[in-house]
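Number of protein chains: 2
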Amino acid sequence: MQSLINGQPTNLISIADRGFQYGDGCFETVRVAGAHPVLLEAHLNRLENSCQQLGIPLPLTTLMQEIEQLLLSNNWPHAVLKITITRGVGGRGYRPDPHGQSNRIVQLFAYSTAESPADGNGIEPGVSVMLCQHRLSSNRALAGMKHLNRLDQVLASREIPEQFAEGLCMDQAGYLVEGCKSNLVLLRGDKLITPDLSESGVNGIMLQYLLNRFREDGLTVESARVSFEELNDIGEAFLCNSVFGVWPVIKLSGNATVFSWPVGSKTQQAIHYKNEIFNAAR
Amino acid sequence: MQSLINGQPTNLISIADRGFQYGDGCFETVRVAGAHPVLLEAHLNRLENSCQQLGIPLPLTTLMQEIEQLLLSNNWPHAVLKITITRGVGGRGYRPDPHGQSNRIVQLFAYSTAESPADGNGIEPGVSVMLCQHRLSSNRALAGMKHLNRLDQVLASREIPEQFAEGLCMDQAGYLVEGCKSNLVLLRGDKLITPDLSESGVNGIMLQYLLNRFREDGLTVESARVSFEELNDIGEAFLCNSVFGVWPVIKLSGNATVFSWPVGSKTQQAIHYKNEIFNAAR
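Protein chains in written order, with this note's numbering: chain R, 1092 to 1373; chain H, 1092 to 1373.
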């Protein structure tokens, strides 16, 4: 792992940083393919929006220079870039200094395409996933944002045994939201359905990219509240995130039920859209 | 601020620490009075329970030695001791290494009794508080715990202007939960009421100490869902936490309403209970 903190090569930060004390910040995880950060503009847009919602200043031009500096100095063809913005160093107490300076942390991780059980360039073989018992927090003011309060994802992912590639999480009311580290897309009839993200979950960059591509191609895409039982009516399912791209879900286990789905035409289309941006970058 | 990380005097931690990456940990804030950590045993019990719930190993004996080391080497009569346990250093990804080693961070902050607007030893003059717009996350699995995911408290406390000592927060359904940094206790008829903490909020050590004392003295103490409007029926209100102890609430502003309460006999009793442990330590 290589890292810059406010432009300086170090991996040490003060325990007085509010990111450490309170998870007071937000982050982005960006796939680097062909030494190029995929969908970087969309990631930086979301980061800007998150910082604005949290009231954290973001010196975007400086940050972009630091990202370029880290990418150029390593020049890894495949990598994962993590960008974290915190509210910076503060004293004891939740209330932030309104004139505080944020901290910028840029990290580069080695990435092997072998990390992903379904990360080829053709028709991915698909993954088995499970339903987690841990339920995500509900909070309209934080939903959608990729903030640093990630205990839900940590606790849910602790439940996943080796044989499952991912776990699906429900919200407090028992509706499906997303995977621990990915968004869920379902085919119901001739419509794509993605669980409602207005109270829980992360509004993924890869999710939005794929849904926009589907919409441009004339498909109806809807956000809905979906219960586990309603998965009976689903024809295809896939997971997506910015690092692995698209994983077809061929098996889902939970509540003493096992759903099986084919790697159908919409999932293949999603893989195609994903390949366009992952390969264009190569 | 003085600090030890795993027993070593430093204030720098790796950005790979999962506390920094995900808020993956928990903490305690302990008042030091007369160089003695007040209610330390109760704090360590809660910390043990939180670590157990999160699945984070806690080497309690070592931690207690480090706390003693930090207190003795500084010997400040008044201070605030903060104890943080994180899941330790990890790679990229939410899923923790089941064999990972936790990190122990012990910090000592200077504390002046002048910090508190109502921290005398007699009948405190009381504070004015407001109702925050930001609502706390709902999550049955995390409620009560003092974990490191504190964006709710940060965002709510940003709303509080100088003239208010504290802000009250509601849950997603609109019921009162607690202050940003304190618990709320109300007198309704001849019963003490404290908002239900099973879906949101922190189960405070000072709160539990005071409620136990009231129960021992024969008072009925109940946890209940309380709406802002129901405060009409309240005779007294006070806030409590481990650092400032007890703050009588004499004025509460919110929803175009102002409630005023006297510093009544139950609030005075709470101050008396608090003084017993704060002064015993001197």
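If you are wondering where the hints come from, they were derived from the structure by calculation, not from laboratory data.
Hints should not be assumed to be uniformly reliable.
[What the hints assert, rightly or not] Which bits of chain R does chain H cover? Going by a derived footprint, with three or more residues having C-beta under 8 angstroms, they are:
#, stretch
1, 1109-1123
2, 1170-1184
3, 1228-1240
4, 1261-1272
[Said to hold, decoys possible] To give an idea of the interface, some chain R residues facing chain H are shown, with a C-beta separation under 8 angstroms as derived from the structure:
#, residue
5, Ser1094
6, Gln1192
7, Ile1196
8, Val1245
9, Ser1248
10, Arg1249
Glycine included, each C-beta is placed from N, C-alpha and C at the ideal position.
Outcome of the hint check:
1. 1109-1123: holds (count 8)
2. 1170-1184: Held - the stretch 1170-1184 of chain R has 7 residues with a Cβ nearer than 8 angstroms to chain H, which meets the minimum of three.
3. 1228-1240: holds (count 9)
4. 1261-1272: holds (count 3)
5. Ser1094: holds, 6 angstroms
6. Gln1192: Status violated, d = 16 angstroms.
7. Ile1196: Check passed: Cβ of isoleucine 1196 of chain R comes within 6 angstroms of chain H, closer than 8 angstroms.
8. Val1245: holds, 5 angstroms
9. Ser1248: holds, 4 angstroms
10. Arg1249: Check passed: Cβ of arginine 1249 of chain R comes within 6 angstroms of chain H, closer than 8 angstroms.
Comparing the model with each earlier hint shows a violation of hint 6 alone; every other hint is respected.
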